[in-house]
Amino acid sequence: APSSSFLQTHFYTLVILLFSAGLYINTLPNNYNLDDELVTQNHKLTSQGIKAIPTIFTSPYYSDEMGYSYDYRPLVLVTFAIEHQIFGDNPHVSHFINLLIYFLLCLALFRLLQTIFARSQLPLLPFIAVLLFIAHPLHTEAVASIKNRDEILSLLFSVLALHWALRAPLKGILTSSLLSVVFYTLALLTKPTAFTFALIIPLMLVAVNAQFAMAIGASVLLSLISLLFMSGYSTRLKFVFLLVVLASTV
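Those letters in the sequence shown? Residues 14 to 263, per our numbering, in order.
I should point out that these hints are in silico values taken from the structure, not numbers from a laboratory.
None of these values were measured; they are calculated from a predicted model.
Quick reminder that beta carbons are idealized off the backbone N, C-alpha and C, glycines included.
Mixed in with the good hints there might be a few duds.
Derived CB-CB ranges, DEER-like [unchecked claim]:
#, residue 1, residue 2, range
1, ILE186, SER18, 46 to 54 Å
2, LEU113, PRO67, 43 to 51 Å
3, ASN103, MET79, 44 to 52 Å
4, GLN98, LEU31, 40 to 48 Å
Straight-line Cα separation of at most 25 Å, SDA-like style, residue types lysine to any residue; simulated pairs [to be verified]:
#, residue 1, residue 2
5, LYS64, GLU50
6, LYS57, ILE141
7, LYS57, PRO67
8, LYS64, ASP49
9, LYS57, ARG124
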C-alpha cells in the first residue's frame with residue numbers, strides 16, 4: 014500500500030518530527046519573554062519588515078542610543094524581518110518557527126550521523142543519538158526563547174557545512190566543498206560562534222574519511238573566513254567580504 018511504503022521510507026523522519034514536536038509544542042501558546050525585544054516586538058529594524066533587510070546587513074546585531082553596539086548576526090534578524098512582514102508581531106508564530114528550525118536541525122544531525130557511522134555495525138546508533146539530542150534539557154532555552162533562534166539556526170547551518178564536507182567522496186569534491194563553504198558562511202552570518210567548525214570540519218575529514226589533503230585545504234580556507242569575519246572590520250566591510258565569499262562559490 015502507498016501509505017505503508019511512505020511510512021517505511023520516512024519512518025525516522027516522522028519519529029524525529031513527532032518527538033521534537035511533542036516535547037516543545039507547549040511553547041507555542043507562550044508570549045514574548047525576556048530579551049525578545051532584541052530581535053522582535055517593536056524592534057527598530059525587524060519591525061519594518063523586508064524593507065529593512067539592506068540596513069540589517071550593514072548594521073550591528075545590537076546598538077543603543079548611548080552608542081554601545083556589538084556583534085554581527087544579520088541572517089537571524091532577516092528571519093524576523095520576513096516573519097514580521099507576513100505575520101506582524103506574533104509570538105506564537107515565532108515559537109512555531111523556532112520549533113520548525115529545531116526539527117530541521119535534528120533531522121540534519123541525523124543525516125550527518127548516518128554519514129559518520131555509515132560503516133558502523135550499529136545502524137540504530139544515529140537514530141538513538143538524535144533522540145537523546147532532542148530530549149536533552151540543555152536545549153530547552155534555545156528552543157523556547159524566541160531570541161535564541163540564532164543558536165539553533167547557526168548550528169543547523171554548521172551541521173550542514175560538516176555534512177557536505179564529509180559527503181565529498183560520494184557527491185564530488187567541488188560541489189560538496191562549495192556547499193560546505195556556503196553553509197559555513199551562513200552559520201557565521203547567523204552567529205559568529207560557528208567559527209568553532211573551522212576546526213571541527215577538518216578534524217572530522219581526517220577522522221571519518223582520512224582526507225588529509227582536503228582537511229588541510231578546508232582548515233586554511235575556513236580559518237581565513239573566520240579570522241576575517243571575527244576581525245575588527247566594520248559591519249559594512251564584513252558584509253561585502255561575505256558577499257564576495259558566497260559569490261565566489263557559485
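Just to be careful, I want the Cα atoms of LYS57 and ILE141 compared with a cutoff of 25 Å; is the pair within it? 43 Å, violated
Could you check the hint for me, namely that ILE186 and SER18 are 46 to 54 Å apart, CB to CB? Taking Cβ atoms as reference, ILE186 and SER18 lie about 34 Å apart, which means the hint is violated.
Within 25 Å, alpha carbon to alpha carbon, are LYS64 and ASP49? Distance ~21 Å between LYS64 and ASP49 Cα, so the pair holds.
Does PRO67 sit within 25 Å of LYS57, going by the straight-line distance between their CA atoms? 14 Å, holds
43 to 51 Å was suggested as the range; check whether the CB atoms of LEU113 and PRO67 agree with it. 26 Å, violated
Can the restraint linking LYS57 and ARG124 be considered satisfied, given a maximum Cα separation of 25 Å? 38 Å, violated
Given hint GLU50 paired with LYS64 - CA-CA distance at most 25 Å: 19 Å, holds
Can the suggested window of 40 to 48 Å be confirmed for the beta-carbon pair GLN98 and LEU31? Given a distance of about 31 Å, which is not inside 40 to 48 Å, the answer is violated.
Range agreement (Cβ of MET79 with Cβ of ASN103, hint 44 to 52 Å): Given about 30 Å between the Cβ atoms, the range is violated.
Figure legend: structure checked against the earlier numbered hints; hints not met, in rising order: 1, 2, 3, 4, 6 and 9.
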